[in-house]
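Chemist: Whenever a hint applies, use it, and build me the whole structure from the sequences.
Here are the chains, one letter per residue:
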Amino acid sequence: MNSVTPSTTGSSSGSASRAASAPDRDLQAPAWVIVARREILAKLMEKSFIFSTVITVAIIGAFMGISSYLDAKATTYTLVTTSAAAHDTAARLGPKISAVDDKVRVTTREVADEAAATALVRDEDDTVWFHEGPNGWTVTARDEVPSALVASAEAAIRTDTLERNAAAAGTTVSQLTQGSALGVDILNGDAERQGFAKAVAFVLAFLFYMASLGFGMMLAGSVVEEKASRIVEIITTRIPVRQLLAGKVLGNVVLALGQMGLYLGIGLIGLTFTPDKSYLSSVSQGIGWFLAFFLVGFLLLACLWAVAGSLASRSEDLQQTAMPLSMMLMLVWFSLFLAKGTVATVLSFVPLFSAVLMPMRILQGGVPVWQPLVALALSILAAGAVVLVAERLYRRALLQTQGRLSIRQAWAAAE
Amino acid sequence: MIEVQGLSRRFGDVVAVDDVSFAVHDGLMTGFVGGNGAGKTTTMRMIMGLLALDGGRVTWDGRPITAADRRAVGYMPEERGLYPKQRILDQLVYLGELAGMSADAAKQAVMEHLERFGLADRAGDKVEKLSLGNQQRVQITAALMTNPAALILDEPFSGLDPAAVDSMADLLREHQARGIPILFSSHQLDLVERLCDRLVILAGGRVVADGRADDLRHQGPARHRLVLDGDAGWVRDLPGVHVHDVDGSTALLEIGDEVPGADQALLAEAMRRGRVLEFSRIVPPLSEIYREVTA
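For the record, the sequence lines run as chains A and B.
Note that the numbering used here has the first sequence beginning at 1, numbered continuously upward.
Note that the numbering used here has the second sequence beginning at 1001, numbered continuously upward.
Worth double-checking, as some hints may not be accurate.
Said to hold, decoys possible - In silico BS3-like links for lysine-lysine, alpha-carbon gap of 27 Å or less:
{"#": "1", "chain 1": "B", "residue 1": "Lys1129", "chain 2": "B", "residue 2": "Lys1107"}
{"#": "2", "chain 1": "A", "residue 1": "Lys43", "chain 2": "B", "residue 2": "Lys1085"}
{"#": "3", "chain 1": "B", "residue 1": "Lys1107", "chain 2": "A", "residue 2": "Lys43"}
{"#": "4", "chain 1": "B", "residue 1": "Lys1107", "chain 2": "B", "residue 2": "Lys1126"}
{"#": "5", "chain 1": "B", "residue 1": "Lys1085", "chain 2": "A", "residue 2": "Lys47"}
{"#": "6", "chain 1": "B", "residue 1": "Lys1129", "chain 2": "A", "residue 2": "Lys47"}
{"#": "7", "chain 1": "A", "residue 1": "Lys340", "chain 2": "A", "residue 2": "Lys198"}
{"#": "8", "chain 1": "A", "residue 1": "Lys43", "chain 2": "B", "residue 2": "Lys1129"}
{"#": "9", "chain 1": "B", "residue 1": "Lys1126", "chain 2": "A", "residue 2": "Lys47"}
{"#": "10", "chain 1": "B", "residue 1": "Lys1085", "chain 2": "B", "residue 2": "Lys1129"}
{"#": "11", "chain 1": "B", "residue 1": "Lys1107", "chain 2": "B", "residue 2": "Lys1085"}
{"#": "12", "chain 1": "A", "residue 1": "Lys103", "chain 2": "A", "residue 2": "Lys198"}
{"#": "13", "chain 1": "A", "residue 1": "Lys47", "chain 2": "B", "residue 2": "Lys1107"}
{"#": "14", "chain 1": "A", "residue 1": "Lys198", "chain 2": "B", "residue 2": "Lys1129"}
{"#": "15", "chain 1": "B", "residue 1": "Lys1126", "chain 2": "B", "residue 2": "Lys1085"}
If you're looking for bench data, these hints aren't it; they were derived computationally from the structure.
Modeler: Shown next, in the form of structure tokens:
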């Protein structure tokens, strides 16, 4: 058996008055950095964490891929005709239909009679019978007439007929319609952009909710783990409790921000492959603000999650001690849908709510820059206050190992 | 030297530790003995600064103990546990770094200890994969690897098999030889008797015995055993001799100090009456002392 010779690096052994022989901490990273590093590394080596991150990235990627594929995909319809007039018109309409809607392409096919035409329509997909109707032209389809085709064909036929009638009357379309143009200008930006902003706000709020809940539960769980296994007793005889709390909170903030950045980055890259990329510049400002609010909001929440963990003695207690926090997050999440008008404006200044509502308002446009700055300052103040309160609760609850504690008990507990 | 003076701690209405004073001397192993709820763990936690003191003080070499002193103490809590899902080497290095070691020095110290315990090849395993005895070895490594300036160990031997107890005892003796104070609690009195120079016995939150193990066993009235070749009934009549039991030729007696020289008088009388086969002092085992002082 090998022997360990306890060497005497720090102290002179045998001396009666021996000073504490801790090596010089100045040479080392501060304790909170060591704690934060362990939080991060331990999490990065956890299979479930890696797995869920990879899955989420895959889902985002697939979603982006599918939507850009669907956006880009054009459908080719076959117009079956049974007369020379219909065939000529269909052939002439083809390019015009595609000009109206670039996702609609048209080919033509001439058959002998109505029976052959309806047989084709019945048997083949994306095939319609184009023929003369009582008042112009008729499209006969199997189950339902493709709306994209009808809309673009209608416009194309109208233009085509207008051109031909104008030519017959010895004039042109532009002469006929001169002075009739109606310009459109919407003060709130256009509706499509609004819809896009809403979708982005929804995604950001969802990310905030999921990250706060997921990383929060993880942090609370690791606090309980340390408490239940009593390793916290070893740790807190070596470093101050404040450093332990700071390290754990910061480690989780880094992890959460990293994961968030990864998801948003992939989302934004994916966006550049879709037609929605024209909106990219308009949302990037909102996303930038979101990250700032996320950072402060998550910091505040992380301290509270650590307290929730310290109030429990076993992981079974955690559901209950974390209940108020989960409820609050739920409320923040629902505020995105429920808060309207003035309520939304006021709430967008309230810490935590601001993390969701302020980016939404910024994305919708028309928010002066002082508003997010004030909201952010309020959040930072709130986070500072929460850190102070949480530290006291955490420190006092950490070594109480008899069952669950209420916040009041933890506040009043002797150290 | 670590000294506690007048240490007290209440939990609600319960007085867990009541005016406890004792010293843990340099280079000596002090056993901390007492039943469940006697206040051992609470006292150790107060020494380590994990619990606030309701009264009294803890000193290190005569001055109030500081956070830096405590960081240099190898401490092993009672209900021990490490991160169950983290690799052994990683978390021991982490704990070493928190105690102020560099990562390299910590790694080296961990591997030396694991090798000694025959666990070097398990360094990359998660703690939860180890048997309870091996988890205990990892735990003690966490306390010893920092080359501590003192050791405070709460039940370090519980759950260990005899071979592991021996190897742990050897390890503690090596640290003792460095001249550091060592305090450990245990329920196993035979072990305490074998290892400890000094003994502090706690009952109901109070110190009921404190001193060198030998002194404790020799304190109180001396008991003797006398074996003769004839009947020993006559010993009842001698002054200064209190008879516990006479069984034919064998007598168990207590010789008080109210009659000087009573033991010599007894022996002389016995030799006058016949052959003395045995006359010996009985040193009670620690377990008996323990039962007496905690009764």
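Chemist: Work down the list of hints and note, for each, if the structure agrees.
Modeler: So, going through the hints one by one against the coordinates:
no.	hint	in the structure
1	B:Lys1129 x B:Lys1107	20 Å, holds
2	A:Lys43 x B:Lys1085	11 Å, holds
3	B:Lys1107 x A:Lys43	21 Å, holds
4	B:Lys1107 x B:Lys1126	16 Å, holds
5	B:Lys1085 x A:Lys47	11 Å, holds
6	B:Lys1129 x A:Lys47	17 Å, holds
7	A:Lys340 x A:Lys198	13 Å, holds
8	A:Lys43 x B:Lys1129	19 Å, holds
9	B:Lys1126 x A:Lys47	13 Å, holds
10	B:Lys1085 x B:Lys1129	9 Å, holds
11	B:Lys1107 x B:Lys1085	19 Å, holds
12	A:Lys103 x A:Lys198	26 Å, holds
13	A:Lys47 x B:Lys1107	25 Å, holds
14	A:Lys198 x B:Lys1129	49 Å, violated
15	B:Lys1126 x B:Lys1085	5 Å, holds
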